[in-house]
Amino acid sequence: MEHITLLIGIVIITALVFDFTNGFHDTANAMATTISTGALKPKTAVAMSAVLNLVGAFLSVEVAKTISGGILDESAGIKPEVIFAGLVGAIVWNLLTWLAGLPSSSSHALFGGLIGASVASAGFGSINGDAVVMKVLIPAVCAPLVAGVGAMLATRLTYRIGRNTDPAATAKGYRAGQIASAGLVSLAHGTNDAQKTMGVITLALIAGNVVAPDSDPPLWVIVSAGMAIALGTFIGGWRIIRTMGKGITDIQPPQGFAAQTGAATVILASSHLGFSLSTTQVCSGSVMGAGVGRKGGVVRWSTAGRMFAAWGLTLPAAGLVAAGAALLADQGDWGVTTVAVLALAACTAIWMASRRKPVDHTNVNEGHDAEEPGVITTAIAAVIPPPAGLTTTAADTDPAKASA
Amino acid sequence: MHIDWAALGSVFGVSLAVTVGLVGLFTLGIVGLSKQGTAGGEAGTSAAGGTTALARTGAYLCFALCAAAVAYGIYLIVA
Chain A
1 MEHITLLIGI
11 VIITALVFDF
21 TNGFHDTANA
31 MATTISTGAL
41 KPKTAVAMSA
51 VLNLVGAFLS
61 VEVAKTISGG
71 ILDESAGIKP
81 EVIFAGLVGA
91 IVWNLLTWLA
101 GLPSSSSHAL
111 FGGLIGASVA
121 SAGFGSINGD
131 AVVMKVLIPA
141 VCAPLVAGVG
151 AMLATRLTYR
161 IGRNTDPAAT
171 AKGYRAGQIA
181 SAGLVSLAHG
191 TNDAQKTMGV
201 ITLALIAGNV
211 VAPDSDPPLW
221 VIVSAGMAIA
231 LGTFIGGWRI
241 IRTMGKGITD
251 IQPPQGFAAQ
261 TGAATVILAS
271 SHLGFSLSTT
281 QVCSGSVMGA
291 GVGRKGGVVR
301 WSTAGRMFAA
311 WGLTLPAAGL
321 VAAGAALLAD
331 QGDWGVTTVA
341 VLALAACTAI
351 WMASRRKPVD
361 HTNVNEGHDA
371 EEPGVITTAI
381 AAVIPPPAGL
391 TTTAADTDPA
401 KASA
Chain B
1 MHIDWAALGS
11 VFGVSLAVTV
21 GLVGLFTLGI
31 VGLSKQGTAG
41 GEAGTSAAGG
51 TTALARTGAY
61 LCFALCAAAV
71 AYGIYLIVA
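Chain order of the listed sequences is A and B.
Counting in this note's numbering, the final residue of the first sequence is number 404, and the numbers go up one at a time with none missing.
Counting in this note's numbering, the final residue of the second sequence is number 79, and the numbers go up one at a time with none missing.
What the hints contain is simulated information worked out from the structure, not anything from laboratory work.
Worth double-checking, as some hints may not be accurate.
Cβ-to-Cβ under 8 Å is the rule here; a few derived chain B residues that face chain A [to be verified]:
| no. | residue |
| --- | --- |
| 1 | Leu22 |
| 2 | Ile30 |
| 3 | Ile74 |
| 4 | Ile77 |
Positions of the beta carbon are idealized from the N, C-alpha and C atoms, including for glycine.
Please construct the entire structure, taking both the sequences and the accompanying hints into account.
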């Protein structure tokens, strides 16, 4: 470890910060519907998800070994500065979407950031266009679609089979099933996303000649990446949890179970067959499918529309921020310092903006009321169509009543 | 540009089938258990007892299959 230069150290810390925001951003995937149906108390849910993420991080290093996944042409030369800039782009976009309460893909933010930084630093030749389309864009369109259709059919089926039973009597069983499938999603998230960070850190170490090319991530990398993602998960991105659990549609226990099972299945099936896909998009898709599948279920398409817009923007936006950061960082030490200071300032500003209207475990299940326009939400609203009327009923605020 | 339609199709098919199958199975289990509760409460006749036992066995079978699917899922994650 004595060979680690200051720059590599900065890259590692930045990667861990990204890992933290990743966990933070993606708690919603596994736990949003579990919290909104009342299957688990908010704090219990995030704690369980954090533990499973940590466990998942230790299970395998397969994804970490293929992090660049052929998307970046490594022979063009990946410099630590470029990785640093890519990470900064991903972190800033993750925090912005968190502030807006939009579930967007952390993986896409990471890919977008790395792609943007590489293009800015080494030109378009450094990008493997085919791999981007095949590994990122196609799964991005297909995954939520598959999960949505699956969850919709499953919801229809479960309501049809259980139509003669008392909802109050069966709710307990559905909640138990939902906890199990949410646990699977958390575990899969830990193995996938914690490893992406491990891969990035390893890439940086290789670029800095600290470890040999093609080597496995060192143990301290695995441990720190697992801890960072678990900590982020435990702190919990409550804004996104609220959007996913309450904002898109009102989820009842059978729907929550169907949605979570669909998400877990799609994630496992596709990663087994070699597609890396966004856990966030799969889970959002299945929540929407479950909303459509219930008779009388309402999907708030305005919220969903803003989410889709955020998905479309994730890759280019993170890429642009990263490209700017890469141009600066390429200027030398003062450039890297400037990027670090700017990134820190941006994070602080976003955090300050979030304090104006905090969302935490106490009000996570409350209705999705109109957002107070902050500076950044206004900026985002300028790009994304504003929400139409958001319907909030009394049942929204009471999980016990909603599930009865 | 090479798009692997076969892999995409199999992800689609497998995901749909497994999701719907698992949710259906689990629902059957829940329904079986809840029928047991209501039947037991209504009357203690032997006929009702027989169907209750059957429903309960069926329900546990369904849950066992679901548990097996979860175990296979964990195996896929680890492997």
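Status of the hints after comparison with the structure:
no.: 1; hint: Leu22; result: holds, 5 Å
no.: 2; hint: Ile30; result: holds, 4 Å
no.: 3; hint: Ile74; result: holds, 7 Å
no.: 4; hint: Ile77; result: holds, 5 Å
In this structure, every one of the numbered hints holds.
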